[in-house]
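Student: If you want the building blocks of each chain, they are given just below.
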Amino acid sequence: MIEIRVHGRGGQGAVTSTELLALAAINEGKYAQAFPSFGPERRGAPVMAFTRISDKPIRTREMVYTPDIVVVLDPTLLQIVDVTTGLKKDGIVILNTSKDEKTIRKTFGIKAKLATIDATDIAMRNLGLPITNTTLLGSLIKACDVIKLKSIEAPLQKRFGRIAEKNWNALKEAYSKTPNIQ
Amino acid sequence: MAKKKIDAIIAWQDLELGMAMTEPGSSAKLKTGDWRSQHPVVDQDKCIKCGLCWIYCPDMSYSPGKDGFYKWNANYCKGCGICALECPKGAITMVMEEE
Amino acid sequence: MAKKIGIEVSLAVSEAVRAADVDLIAAYPITPQTHIVEHLSELVADGKLDAEFVPVESEHTAMSLCIGSSAAGARTYTATSSQGLALMHEILYIAPALRMPIVMTLANRSLSGPISIWNDHSDVMTERDSCWIQTFAENGQEAFDLTLHAFKVAEHPDVLLPVMVNLDGFTLSHVVEPIEMMTQAEAKKYLKPYKPKLTLDTKHPITMGGVGLPAVYTEAKKQYETAITASKKVIIDEWKEFGKLYGRHYKPIETYKTKGAEIVLMTMGSISETAMTAVDGMRDKGISVGLMRFRLWRPFPLQEFQRAVKGIKTLAVVDRAISYGSQGGPVYMEVKSALYNQKERPQIFGFVAGLGGRDVTTDTFEEIVTKATRYAKKGKGPVYEMIGVREK
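Quick note, the sequences are listed as chains A, B and C, same order. Going letter by letter, the first sequence gives residues 1 to 182 in the numbering used here. Going letter by letter, the second sequence gives residues 1 to 99 in the numbering used here. Going letter by letter, the third sequence gives residues 1 to 392 in the numbering used here.
Hints in this document: simulated from the structure, not taken from any laboratory. Predicted model, so just to flag it, every value in this text is computed and none were measured. One or more of the hints may lead you astray.
[Claimed, not checked] To give a feel for the contact side, a few chain A residues facing chain C, derived at Cβ under 8 angstroms:
hint	residue
1	Glu19
2	Ala22
3	Ile26
4	Ala32
5	Pro40
Glycine residues also receive a C-beta, built at the ideal position from the N, C-alpha and C atoms.
For reference, chain A alone in the conformation it holds in the complex (with noise of 0.2 angstroms):
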């Protein structure tokens, strides 16, 4: 069973980046769930989303203790919020940011294993707005193979529908910079 965690803030889609997932996931066959940590949606206040994914029906309501991947939608998180907090060894942090790796590993001492995307600047130009879940989706797909690419394409058409396409671009065009770092 994979574990994943989305941090994002109230707003950014930090759930339905969980949910698209999960439905790729369930469209594969797999078993999945996604569910977000529970609580008033406060716009811009830092939430958390989860991911399970397993061959096996999943048997369990707790909350993502120990994910095996972490999701930064917005790299202000880093500041207030220790994404790697439960992290597995061997973990993946995947990070919506401008900077380079070396940079991010020297200012918040991140030692897990780290994939780098700036996540802003795709959604700006495909979607014209700084909301990176689905862009951030391409590279957690191809930086750990979780699902396949085109699994998550029937779910994101489903869920963005006229806007679904900009959404497909921003996720691929992340697919393709985004190293397989498993």
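Since the structure of chain A is provided, determine the placement of chains B and C on it from the hints.
Tutor: What follows is chains B and C alone, placed relative to chain A:
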């Protein structure tokens, strides 16, 4: 010592589903006339057949007769006196039941 | 077998209500409501469900309207949570008294205060004496299946009582997971059209909701009590029928690895899945532990429970609600009472966990099992215990 008799009007097995009352208009069977301690007496000389007694009677005891006068039904009149109070001509007086 | 699709559990419940082809939905659409009725209003507006959707001004009105609708012979549904159920309280007791087969989903959330929107069972436990049949779902699939089952049981001529399907708020209601859905056509194999015994009909006028004078009130109560107790047979039969048709089987008491277990956990709702994982983990460590959970809470499955407990030495009951100033959680007290007159009975210890959204993890269950084992050895434990309280 005599056993204390507690009234239960129906066995639970005979009670209709959800205690529904399936016979329409069954309240007509409940004759409330004996709740009365007074009854109205109508002076037909004063009566103008306006029908206010019939309209105001809370127990629908009054009904119009063929002659145009309104008659009260002793089975349902509780003797409340509203008819006497509302009558614009003072044609109705309440008298004690015993008299 | 239909393909499993990924869907939020709340939405899956709406789809079950759609599959049941309801006639009327009355619900208060704002907090603490879930996505269930939001999606139902969409289905009705889009012409995908031929029903009336009435967005009322309060849960009190929602239940009042449901009773009127059901009295007119319509298949009727509503959903609520926590404070919404509390506001509904006054009317809640009237639905079973008028023998209205209303189905309601209760996304279990805590009652204030302090103000809370999170998950526990304090809402349903305050209504356990309401004469509503109460079942509990552990996952999304069960939430879907139990909803169909609820209509079948409620409308059964031997039952005619409302049914409340409980599913944990947030930890179940807001989770996307794979669920096998059913269309109206598939559900019709199981759920036949509702044929009411008595309805409000101007052509054949009857009176519902008359005054229960002291000379008849007791007899009326006896009727309701007899009806809910007798409903257990129908509830079990209809689960069997469901299993035959769709291959998913449900029982009033579900057990997991209880055979020969020295200590058995008792739970209700979605924490049962976490508890199973905890049991697996403890079994790997050589701890002889199993799990039992109530799927049916009202009517209380007394005989089934007494049978299931035979041979068990220690029971650790996990409540998700407090009964202030009493002797523990409601489930714990009831379990103890169910066994008091038995010749052989286990030692029973009560724990309260997961209040107001406090996460219940596999560690929580390990802590409970460790404590219960210690108390069992001593032959004595506290009256009951709250788990995970931070002390000074």
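Student: All hints, please: hold or fail.
Tutor: Structure-based check of all given hints:
no.: 1; hint: Glu19; verdict: holds, 5 angstroms
no.: 2; hint: Ala22; verdict: holds, 5 angstroms
no.: 3; hint: Ile26; verdict: holds, 4 angstroms
no.: 4; hint: Ala32; verdict: holds, 7 angstroms
no.: 5; hint: Pro40; verdict: holds, 7 angstroms
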